[in-house]
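Q: Under the UniProt record's numbering, residues 1 to 171 are what the sequence shown spells out, in order.
If you are wondering where the hints come from, they were derived from the structure by calculation, not from laboratory data.
Treat each hint with caution, since some may be false.
Straight line, CA to CA, 27 Å or less: simulated BS3-like cross-link-like pairs of lysine-lysine [said to hold, decoys possible]:
hint	residue 1	residue 2
1	K123	K91
2	K13	K58
3	K110	K137
4	K71	K28
5	K117	K91
6	K102	K71
7	K117	K15
8	K102	K137
9	K142	K117
10	K4	K91
11	K15	K125
12	K102	K112
13	K15	K28
14	K102	K91
15	K36	K12
16	K125	K137
17	K13	K28
18	K4	K71
19	K4	K15
20	K36	K123
21	K102	K131
22	K110	K131
23	K15	K58
24	K58	K91
25	K71	K58
26	K15	K102
27	K131	K142
28	K102	K58
29	K123	K102
30	K112	K91
31	K123	K110
32	K102	K125
33	K58	K12
34	K4	K32
35	K32	K15
36	K32	K91
Have a look at the derived ranges for each label pair, beta carbon to beta carbon [to be verified]:
hint	residue 1	residue 2	range
37	D54	H10	21 to 29 Å
38	N45	D68	16 to 24 Å
39	K15	Q65	41 to 49 Å
40	N52	E101	27 to 35 Å
Yeah, the Cβ is synthetic: ideal placement off N, Cα and C, and Gly gets one too.
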Amino acid sequence: MPVKIRLQRHGKKGKPFYWVVAADSRAKRDGKFLEKLGTYNPNTNPATITLNIDNSVKWLSNGAQPSDTAKRILSYKGVLLKHHLQGGVRKGALTEEQAEEKFNAWVADKEKSVAGKVEGLDKAKADEAAKIFEAEKAINEKRSADAAAAAAPVAEEAPAVSEEAAASEEE
1 MPVKIRLQRH GKKGKPFYWV VAADSRAKRD GKFLEKLGTY NPNTNPATIT LNIDNSVKWL
61 SNGAQPSDTA KRILSYKGVL LKHHLQGGVR KGALTEEQAE EKFNAWVADK EKSVAGKVEG
121 LDKAKADEAA KIFEAEKAIN EKRSADAAAA AAPVAEEAPA VSEEAAASEE E
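Based on the sequences and whatever the hints tell you, model everything.
A: Spelled out as structure tokens, the structure:
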């Protein structure tokens, strides 16, 4: 039975949400599957991916073939690297501890780069909010100045009328 690691679509129209599954290649896209390996949510920035790395490596070791998109997701989360390192352990080029150390170092570096991207997105969002606030503040100041200017001539005209009234009363 040929096994594929692929995505199974869930979620509503326009808001996709995927399960990463190991399924028989003859099964329908959203049909029967052998095991759920994780989830993928492309609606967030950066995309949210949860994956059971050990089970994914087990399926790859047993000959499962990932689809193109699933392969990119597995690569992003380090599953393909761990599978590669386990091949080195089987051949005797690495010990299990060395392979685990290399994998953990790669994961730490990857988490740092993702955290940097999230930090950059948060900073950009904060800058945009500050820019919008400054624009609104300028508009409000202009409106206040226009309202004060409109009220000032009315106040000046009122005493002038009262002076004429006072002059006519004196006569």
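Q: Now tell me if each hint is right for this structure.
A: Consistency of the hints with the structure:
1. K123 to K91: 47 Å, violated
2. K13 to K58: 33 Å, violated
3. K110 to K137: 41 Å, violated
4. K71 to K28: 19 Å, holds
5. K117 to K91: Violated, at about 37 Å.
6. K102 to K71: Roughly 21 Å between the alpha carbons, so the hint for K102 and K71 holds.
7. K117 to K15: 23 Å, holds
8. K102 to K137: 52 Å, violated
9. K142 to K117: 38 Å, violated
10. K4 to K91: With a Cα-Cα distance of about 25 Å, the restraint between K4 and K91 holds, given a limit of 27 Å.
11. K15 to K125: 22 Å, holds
12. K102 to K112: Measuring from Cα to Cα gives roughly 16 Å; hence the hint holds.
13. K15 to K28: Judged against 27 Å, a Cα distance of about 21 Å means the pair holds.
14. K102 to K91: Satisfied, since the Cα-Cα distance of roughly 17 Å is no more than 27 Å.
15. K36 to K12: 20 Å, holds
16. K125 to K137: Measuring from Cα to Cα gives roughly 18 Å; hence the hint holds.
17. K13 to K28: Given that 27 Å is the threshold and the Cα spacing comes to 19 Å, the pair holds.
18. K4 to K71: 11 Å, holds
19. K4 to K15: 24 Å, holds
20. K36 to K123: 36 Å, violated
21. K102 to K131: 44 Å, violated
22. K110 to K131: 32 Å, violated
23. K15 to K58: 31 Å, violated
24. K58 to K91: Holds. K58 to K91 sits at ~17 Å (cutoff 27 Å).
25. K71 to K58: Satisfied, since the Cα-Cα distance of roughly 15 Å is no more than 27 Å.
26. K15 to K102: Measuring from Cα to Cα gives roughly 36 Å; hence the hint is violated.
27. K131 to K142: Satisfied, since the Cα-Cα distance of roughly 17 Å is no more than 27 Å.
28. K102 to K58: Judged against 27 Å, a Cα distance of about 19 Å means the pair holds.
29. K123 to K102: 32 Å, violated
30. K112 to K91: 31 Å, violated
31. K123 to K110: Within the cut-off at roughly 20 Å; holds.
32. K102 to K125: Distance ~35 Å between K102 and K125 Cα, so the pair is violated.
33. K58 to K12: It is violated: about 31 Å lies between the C-alpha atoms, which goes past 27 Å.
34. K4 to K32: Given that 27 Å is the threshold and the Cα spacing comes to 12 Å, the pair holds.
35. K32 to K15: With a Cα-Cα distance of about 22 Å, the restraint between K32 and K15 holds, given a limit of 27 Å.
36. K32 to K91: 35 Å, violated
37. D54 to H10: 21 to 29 Å: Holds, since D54 and H10 (Cβ atoms, about 23 Å apart) stay within the stated range.
38. N45 to D68: 16 to 24 Å: Because 22 Å falls inside the window, the suggested range holds.
39. K15 to Q65: 41 to 49 Å: 29 Å, violated
40. N52 to E101: 27 to 35 Å: Violated: the Cβ-Cβ distance is about 21 Å, outside 27 to 35 Å.
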